[in-house]
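Quick mapping for you: the protein sequence lines, in order, are chains A and B. The numbering used here numbers the first residue of the first sequence as 1 and each following residue consecutively. The numbering used here numbers the first residue of the second sequence as 1 and each following residue consecutively.
It is worth saying that the hints were derived from the structure and are not from the lab. Owing to the predicted nature of the structure, the values given are computational and were not obtained by experimental measurement. Check each hint, because a few of them may be wrong.
[To be verified] Capping the alpha-carbon separation at 27 Å, the derived lysine-lysine pairs in DSSO-like fashion look like this:
1. B:Lys49 x A:Lys3
2. B:Lys58 x B:Lys68
3. B:Lys69 x B:Lys49
4. A:Lys55 x A:Lys18
5. A:Lys3 x B:Lys68
6. B:Lys68 x B:Lys78
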Amino acid sequence: DVKVTQSSRYLVKRTGEKVFLECVQDMDHENMFWYRQDPGLGLRLIYFSYDVKMKEKGDIPEGYSVSREKKERFSLILESASTNQTSMYLCASSPSRGGVGYEQFFGPGTRLTVL
Amino acid sequence: AQSVTQLGSHVSVSEGALVLLRCNYSSSVPPYLFWYVQYPNQGLQLLLKYTSAATLVKGINGFEAEFKKSETSFHLTKPSAHMRDAAEYFCAVPLSGGSYIPTFGRGTSLIVHP
Chain A
1 DVKVTQSSRY
11 LVKRTGEKVF
21 LECVQDMDHE
31 NMFWYRQDPG
41 LGLRLIYFSY
51 DVKMKEKGDI
61 PEGYSVSREK
71 KERFSLILES
81 ASTNQTSMYL
91 CASSPSRGGV
101 GYEQFFGPGT
111 RLTVL
Chain B
1 AQSVTQLGSH
11 VSVSEGALVL
21 LRCNYSSSVP
31 PYLFWYVQYP
41 NQGLQLLLKY
51 TSAATLVKGI
61 NGFEAEFKKS
71 ETSFHLTKPS
81 AHMRDAAEYF
91 CAVPLSGGSY
101 IPTFGRGTSL
111 IVHP
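Chain A on its own, in the form it takes in the complex (with noise of 0.2 Å):
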């Protein structure tokens, strides 16, 4: 059974700490995705990466980085978290070829606070 996880389904951090989110799938995919999910506005993407080591900015960047040193594995990180960054974050992984239609694979998320 393919998988995605995350490696938190729930998190509450404080204003100003340095956040990690961890994403590892099992697929042997090339693209990984970091998106966020607010009531009323769908799915934005934050970053996204086609191989180890690349990185591209999505549509809200601002705030947020990414690693990624292994196929598997995609960090997202806030460097400095705030309030409005409080939200759902989805990770997604898909192939880059063969794939038809890239459909996306998500993990389950994590649900994010910050007081």
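Model the placement of chain B on the given structure of chain A, informed by the hints.
Okay, now just chain B, sitting in the frame of chain A:
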């Protein structure tokens, strides 16, 4: 760049009634279209996808969607709603051409009444 519009942030139906969730894409015919479902406190999972092989696409859990080029639409339907269908539904299309990066609609929350 492509975009998708989902009409109605909430759709409410009675159990056993027809489900219709609307999705329209913005411009040129996309090579792929997707519907994803998100059950409470879970990530998204693929419900069905259009790949130009057939305009009527069948997905999991009795859902289907029909691609209509003339209407730039890819509406999702199910003949008879179940309580377990209560979830958030997202339509998605490649950002441009055959891009592996999708753009998502804002989602439609399906509410099913007993």
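We went through each hint and held it up to the structure:
Under the criterion of a C-alpha separation no larger than 27 Å, the hint pairing Lys49 of chain B with Lys3 of chain A is consistent with the structure, at around 20 Å. With a CA separation close to 15 Å, the supplied pair Lys58 of chain B and Lys68 of chain B stays within the 27 Å bound. With a CA separation close to 15 Å, the supplied pair Lys69 of chain B and Lys49 of chain B stays within the 27 Å bound. Proposed proximity of Lys55 of chain A and Lys18 of chain A is supported: the alpha carbons are some 20 Å apart, at most 27 Å.
For the proposed pair Lys3 of chain A and Lys68 of chain B, the alpha carbon gap of about 33 Å is over 27 Å, so the pair is violated. Proposed proximity of Lys68 of chain B and Lys78 of chain B is supported: the alpha carbons are some 17 Å apart, at most 27 Å.
Violated hint for the displayed structure: number 5, the only one.
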